[in-house]
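A.B. asks: Take a look at the letters that make up each chain.
Protein chains: 2
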Amino acid sequence: MVGITPEGLREAHNADVAIQADEKVEFKKAWADPESGTVFCLSEAPSADAVKRIHERTGHPADEIHPVPVVA
Amino acid sequence: MVGITPEGLREAHNADVAIQADEKVEFKKAWADPESGTVFCLSEAPSADAVKRIHERTGHPADEIHPVPVVA
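These protein sequence lines are chains E and C, in that order. Take any residue in the first sequence, note its place counting from 1, add 264, and you have its number in this note's numbering. Take any residue in the second sequence, note its place counting from 1, add 264, and you have its number in this note's numbering.
The following block holds chain E by itself, in its conformation from the complex:
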């Protein structure tokens, strides 16, 4: 979303958080580059599909979802 503002990102994030329990997802954090419109979102979830469904319902479907079980 090119030109995304802190308020816009917070609003989108809050919309996800508001329904996350339906899919047992926990959204942790979101980062955005207003210039390219790229948004990264980190969550704990039972599956990629669970995350996909939440983002679809809140109107900002994810282009990519990557499981990241390895952390440093």
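One thing to keep in mind: the hints can contain errors.
It does not matter which identical chain is used: a pair holds within one copy or between any two.
[Said to hold, decoys possible] With a straight-line Cα cutoff of 25 Å, these simulated SDA-like cross-link-like pairs (lysine to any residue) come out:
#1 Lys316 <-> Ala282
#2 Lys288 <-> Glu299
#3 Lys288 <-> Pro298
#4 Lys316 <-> Val332
#5 Lys292 <-> Pro325
#6 Lys293 <-> Gly323
#7 Lys293 <-> Glu308
#8 Lys293 <-> Ile329
#9 Lys293 <-> Ile283
#10 Lys288 <-> Gly272
#11 Lys316 <-> Asp297
#12 Lys292 <-> Ala309
#13 Lys292 <-> Ile268
#14 Lys293 <-> Val332
#15 Lys288 <-> Pro310
#16 Lys316 <-> Ile329
#17 Lys316 <-> Gly272
#18 Lys288 <-> Glu308
#19 Lys288 <-> His319
#20 Lys293 <-> Thr269
Think of the hints as simulated: they come from the structure by calculation, not from any bench. No experiment lies behind these values; they were computed from the predicted model shown.
Let chain E serve as the given structure and place chain C on it in line with the hints.
C.D. replies: Below, chain C without anything else, positioned relative to chain E:
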């Protein structure tokens, strides 16, 4: 890096951290998907180029670097 292990990610991350001061970068966290080999890395840095130079010197050049000034 397909098949990346927690130890492998930590080693790569530590190599970045060891020289990060040269470019005034601070690496915060790294996440990896061993299946696809995708690695995501979050840092505070004066520029994307500074991050690029560190990753090049430690032998794992970044395919993409996205400034993310907006956070939620």
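A.B. asks: Does each hint fit the structure? Answer for all of them.
C.D. replies: Here is how each hint holds up against the structure:
no.: 1; hint: Lys316 <-> Ala282; result: within (15 Å within a copy, 37 Å between copies)
no.: 2; hint: Lys288 <-> Glu299; result: between (32 Å within a copy, 23 Å between copies)
no.: 3; hint: Lys288 <-> Pro298; result: between (29 Å within a copy, 24 Å between copies)
no.: 4; hint: Lys316 <-> Val332; result: both (15 Å within a copy, 22 Å between copies)
no.: 5; hint: Lys292 <-> Pro325; result: within (17 Å within a copy, 27 Å between copies)
no.: 6; hint: Lys293 <-> Gly323; result: within (18 Å within a copy, 29 Å between copies)
no.: 7; hint: Lys293 <-> Glu308; result: both (10 Å within a copy, 16 Å between copies)
no.: 8; hint: Lys293 <-> Ile329; result: both (15 Å within a copy, 18 Å between copies)
no.: 9; hint: Lys293 <-> Ile283; result: within (15 Å within a copy, 27 Å between copies)
no.: 10; hint: Lys288 <-> Gly272; result: within (24 Å within a copy, 30 Å between copies)
no.: 11; hint: Lys316 <-> Asp297; result: both (21 Å within a copy, 17 Å between copies)
no.: 12; hint: Lys292 <-> Ala309; result: both (10 Å within a copy, 22 Å between copies)
no.: 13; hint: Lys292 <-> Ile268; result: both (19 Å within a copy, 24 Å between copies)
no.: 14; hint: Lys293 <-> Val332; result: both (14 Å within a copy, 12 Å between copies)
no.: 15; hint: Lys288 <-> Pro310; result: within (7 Å within a copy, 37 Å between copies)
no.: 16; hint: Lys316 <-> Ile329; result: both (8 Å within a copy, 24 Å between copies)
no.: 17; hint: Lys316 <-> Gly272; result: within (20 Å within a copy, 29 Å between copies)
no.: 18; hint: Lys288 <-> Glu308; result: within (9 Å within a copy, 31 Å between copies)
no.: 19; hint: Lys288 <-> His319; result: within (13 Å within a copy, 35 Å between copies)
no.: 20; hint: Lys293 <-> Thr269; result: both (15 Å within a copy, 24 Å between copies)
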